[in-house]
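S.K.: Sequence:
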Amino acid sequence: MAEIKGCAGISICYVTPRHRENLLPALIGPYLLTNPNISITVKEMLSYDIVAAVKNQMANLGIVADSTQLNGLASLPFSYDELVVFAPAKGRWHDTESTTFEEIVAAEFIGLSEGSALQEHIEDHAKKLGRRLNYRVRMTTFDAMMQIVSSGVGIAIIPKHAAERYCHHHSYKIIRLSERWADRKLIFCARDFADLPDYIKEVVDFLAQPPVDS
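Heads up, the sequence shown is in the UniProt record's numbering, so the first residue is 1 and it goes up one at a time.
Take the hints with a grain of salt, since some may be wrong.
Claimed, not checked - Heads up, simulated DSBU-like pairs for lysine-lysine below, C-alpha to C-alpha not over 35 Å straight-line:
id, residue 1, residue 2
1, LYS43, LYS201
2, LYS160, LYS128
3, LYS43, LYS128
4, LYS90, LYS128
5, LYS185, LYS201
6, LYS185, LYS43
7, LYS127, LYS90
8, LYS55, LYS43
9, LYS43, LYS160
10, LYS55, LYS185
11, LYS185, LYS90
12, LYS160, LYS55
13, LYS127, LYS43
14, LYS185, LYS127
15, LYS160, LYS185
16, LYS55, LYS128
17, LYS201, LYS55
18, LYS185, LYS128
19, LYS127, LYS160
20, LYS90, LYS160
21, LYS127, LYS55
To be verified - Using C-beta positions, here's what the derived DEER-type ranges look like:
id, residue 1, residue 2, range
22, SER98, PRO197, 39 to 49 Å
23, SER98, GLN69, 23 to 33 Å
24, SER171, ARG131, 22 to 32 Å
25, THR96, ARG131, 44 to 54 Å
26, ARG132, VAL42, 30 to 40 Å
27, ASP183, ASP143, 19 to 29 Å
28, GLU82, GLU120, 11 to 21 Å
29, GLU108, ASN37, 50 to 60 Å
Don't read these hints as lab results, they were simulated from the structure.
Even for Gly, the Cβ is constructed at its ideal location relative to N, Cα and C.
Sequences are here, hints too, so could you generate the full structure?
M.R.: This is the structure in structure tokens:
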């Protein structure tokens, strides 16, 4: 472990938590507990703003989806982020275990608010099929989206991580999305990892460890 004299600070720009709720705080807590001389500033931003912040040295690290245009930044793996279809338990989805995007693209969707990198990613794939998503409503969090879907309205495409943490007393179904692009990854980005101080490299190594409950 790198020896820290006094206190050291780290700035991390994190892709908006609508994309990967609760993961980063769950990892940072244990790190801070064992590293009392380190302080971490976490800024929630959209992917393209994160790239700009790291490139302009406004942040030490960024965490973005692997589909993000990095504009020359270096990257390292952070975590796996499978996308699934979150649907009402009853009705037309009752017997569906797996689906392609083309099979559901005409359905009514519950989406994330405009500016979400995840929702833009999904919309891009709809455009490749010559379609536009039909939104019944767009919300700011996964939890809000899942509450609406559980009431029987629409479907949503969200990370499996978020779907599996949802309260089990609600009526819903998780359906596998059989698309290569649904197997997404989150990555660290930096100007040059080799040039980072040792204590920041240690943070990267620590955060890249699989969560205990994964």
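S.K.: Taking the earlier hints as the rules, which of them does this structure contradict?
M.R.: 25
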